[in-house]
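Engineer: The chain contents come next:
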Amino acid sequence: MTSPDRTGAAEALIRGPRRRRVRGGVPLPLLLPSLIGLAFLLVPLVALLIRAPWSSLPDLLTSTEVWQALQLSLVCATAATAVSLVLGVPLAWLLARVEFPGRGLVRALVTLPLVLPPVVGGVALLMALGRNGVVGRWLDAWFGITLPFTTTGVVVAEAFVAMPFLVISVEGTLRAADPRYEEAATTLGASRFTAFRRVTLPLIAPGIAAGAVLAWARALGEFGATITFAGNFPGRTQTMPLAVYLALQNDPEAAIALSLVLLAVSIAVLAGLRDRWMAPA
Amino acid sequence: MTDAAKTAHHAVTPTTQGLDAHLVVERGSFRLDVALTAAPGDVVALLGPNGAGKTTALRALAGLVPLTDGHLRLDGAVLDRTPPESRPVGVVFQDYLLFPHLSALDNVAFGPRCHGASKAQARAQAAEWLDRMDLAAHAGAKPRRLSGGQAQRVALARALATRPRLLLLDEPLAALDARTRLDVRAQLRRHLADFEAVAVLVTHDPLDAMVLADHLVVIEDGHVVQEGTPSDIARRPRTDYIAHLVGLNLYKGRAEGHTVRVDGGPGITTTEDLTGPAFVAFPPNAVTLHRDRPTGSSARNLWRCEVAGLETHGDQIRAALTGELPLAADLTTIAAAELDLRPGATVWATVKAAQTHAYPA
Numbered sequence: 001m002t003s004p005d006r007t008g009a010a011e012a013l014i015r016g017p018r019r020r021r022v023r024g025g026v027p028l029p030l031l032l033p034s035l036i037g038l039a040f041l042l043v044p045l046v047a048l049l050i051r052a053p054w055s056s057l058p059d060l061l062t063s064t065e066v067w068q069a070l071q072l073s074l075v076c077a078t079a080a081t082a083v084s085l086v087l088g089v090p091l092a093w094l095l096a097r098v099e100f101p102g103r104g105l106v107r108a109l110v111t112l113p114l115v116l117p118p119v120v121g122g123v124a125l126l127m128a129l130g131r132n133g134v135v136g137r138w139l140d141a142w143f144g145i146t147l148p149f150t151t152t153g154v155v156v157a158e159a160f161v162a163m164p165f166l167v168i169s170v171e172g173t174l175r176a177a178d179p180r181y182e183e184a185a186t187t188l189g190a191s192r193f194t195a196f197r198r199v200t201l202p203l204i205a206p207g208i209a210a211g212a213v214l215a216w217a218r219a220l221g222e223f224g225a226t227i228t229f230a231g232n233f234p235g236r237t238q239t240m241p242l243a244v245y246l247a248l249q250n251d252p253e254a255a256i257a258l259s260l261v262l263l264a265v266s267i268a269v270l271a272g273l274r275d276r277w278m279a280p281a
Numbered sequence: 001m002t003d004a005a006k007t008a009h010h011a012v013t014p015t016t017q018g019l020d021a022h023l024v025v026e027r028g029s030f031r032l033d034v035a036l037t038a039a040p041g042d043v044v045a046l047l048g049p050n051g052a053g054k055t056t057a058l059r060a061l062a063g064l065v066p067l068t069d070g071h072l073r074l075d076g077a078v079l080d081r082t083p084p085e086s087r088p089v090g091v092v093f094q095d096y097l098l099f100p101h102l103s104a105l106d107n108v109a110f111g112p113r114c115h116g117a118s119k120a121q122a123r124a125q126a127a128e129w130l131d132r133m134d135l136a137a138h139a140g141a142k143p144r145r146l147s148g149g150q151a152q153r154v155a156l157a158r159a160l161a162t163r164p165r166l167l168l169l170d171e172p173l174a175a176l177d178a179r180t181r182l183d184v185r186a187q188l189r190r191h192l193a194d195f196e197a198v199a200v201l202v203t204h205d206p207l208d209a210m211v212l213a214d215h216l217v218v219i220e221d222g223h224v225v226q227e228g229t230p231s232d233i234a235r236r237p238r239t240d241y242i243a244h245l246v247g248l249n250l251y252k253g254r255a256e257g258h259t260v261r262v263d264g265g266p267g268i269t270t271t272e273d274l275t276g277p278a279f280v281a282f283p284p285n286a287v288t289l290h291r292d293r294p295t296g297s298s299a300r301n302l303w304r305c306e307v308a309g310l311e312t313h314g315d316q317i318r319a320a321l322t323g324e325l326p327l328a329a330d331l332t333t334i335a336a337a338e339l340d341l342r343p344g345a346t347v348w349a350t351v352k353a354a355q356t357h358a359y360p361a
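Chains as they are written, first to last, in UniProt numbering: chain L, 1 to 281; chain Z, 1 to 361.
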């Protein structure tokens, strides 16, 4: 048998890689691309930090425009998340707990905005809720409500894009939750709604929280649907991503500063979710 | 009967107290068809193997599964189509299903709260129930902090707190370890004895059924195969499943005087004098095994058998025998060694007529 000798020799020859292979047991054809992939994801973020105008950062971040954009972003993302919660949690419950014909199709349609290019979403929203839109026309005629190019329009656009994240997350949690708790509640005299409110909701609260954070993060970064449906008016519809994009044209330093703020928010979100997603599987 | 006669008939029938149910539930190829009646104070056990439909029957009583056919009346009220939350029915689920986010007290208070009691009233009632179950010290505990026995009692308290007219218990002791089981079974028996309305429990454990219930309904494959008092069913099993549960050899055949001719088998001599279709039962320890054909034995029943398998059964050995009459025989370890019993060995089995029990089929 020559193989033990040969591996011994090989080990002596290439000690470095050998040692790594022993430690992780990762074959080179997998290790190399994975490291490149990792670098691909991280280098841009590091570059952002390196090029950040640290000295002028305080001034940039305290300018009215940045504050306006940040405030607007936070308010709209939070409002969009609230809308998603109010409409999305019941929708998730419906999809998870009620059997009705075409449920699979409805679920697919709900997830469509996840994969739809946001700009298309914006155009679709204009067609539906624009002044001459299918629904918007009546909103205007009956209630005098116009949504496009308003702050409310930003919320609508963000909610449209973010809600599917919440629905998918909550539905998954609901499917994993034991439906027999609801049965137990009904045998105790609870109506189906009471059972949902007093038993199911508390049980799936962690899933709802995770879904809300996901939706909020998605709403905060929303660009395409917002600019299409709500436009880009500073103080009214110009959220952070729009401000970043605009700043990049004439004031790259400001764009970097704004990007850093969004990066910080994203990291905070991730940190908040670490118990749920970064725990060892 | 004409319609008028029917009406008249109904008019004179007093409102029947207790449970009167005919449960028919169809699910794919499975069909449950079980009739159940019980008076207030009765404890009925549905006993049967896994998949027999016991739990489906329970869920149908609770309204969690719709009836395909049949009827359900409780204290005269028709509940066929009543949703579960409107039925005066309490359920103790197999794994209790205590709400994990609520304390023991709030779990018990949940029912009264749903029935319109104020938060304070509901909690006061719940505290009373927990006290009755000797759980006052654990009122504030979340379910995961409770032991199996405590959780079981909280579940019972929660079901009783709505003052149900029908209490359903699904395998109430299955989730407990052997030691706890003994205590909880005794406590449960006491609580069921105190319960003034109908209680129906589902179990696959004959001991639970016989200790807790005063009426047994044995279900196999969706149908009632036998019902009666525990002692009656233990003495006169009518299916292999029950015979196996109560540890008896059981045969069906035709009786002619003191002999029952087993279907497709030999005759068994008994002390009872019967004619027509009959069962014969005898316990495995009534069987004596011999290496060679016994000559001077007074036993009237003698069969040549082959050992199919051996297993320990308590401090005894239980031999499964095949041959003209398949049977189970219990013998001591020493006897088994002396007989040199091993699978495939030929033995002679004798059973005294006095140790058999024959009854009409």
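Please note that a few of the clues may not be correct.
[What the hints assert, rightly or not] Computed from the model, here is a short list of chain L residues facing chain Z with C-beta under 7 angstroms:
| id | residue |
| --- | --- |
| 1 | Y181 |
| 2 | T187 |
| 3 | A190 |
[Said to hold, decoys possible] Non-contacting residues of chain L with respect to chain Z, defined by C-beta distances greater than 12 angstroms in every case (computed):
| id | residue |
| --- | --- |
| 4 | L42 |
| 5 | L74 |
| 6 | A82 |
| 7 | L139 |
| 8 | L188 |
| 9 | V199 |
| 10 | T200 |
| 11 | L201 |
| 12 | L203 |
Just so you know, the hints here were simulated from the structure itself, not pulled from any lab data. Predicted model only: the values in this text are computed from it and were never measured. Ideal Cβ placement from N, Cα and C applies to all residues, glycine included.
Engineer: Taking the hints in turn, state whether each one holds.
Structural biologist: Cross-check of the supplied hints:
no., hint, result
1, Y181, "6 angstroms, holds"
2, T187, "4 angstroms, holds"
3, A190, "5 angstroms, holds"
4, L42, "40 angstroms, holds"
5, L74, "30 angstroms, holds"
6, A82, "23 angstroms, holds"
7, L139, "39 angstroms, holds"
8, L188, "4 angstroms, violated"
9, V199, "6 angstroms, violated"
10, T200, "10 angstroms, violated"
11, L201, "10 angstroms, violated"
12, L203, "6 angstroms, violated"
The earlier numbered hints that this structure contradicts are 8, 9, 10, 11, 12.
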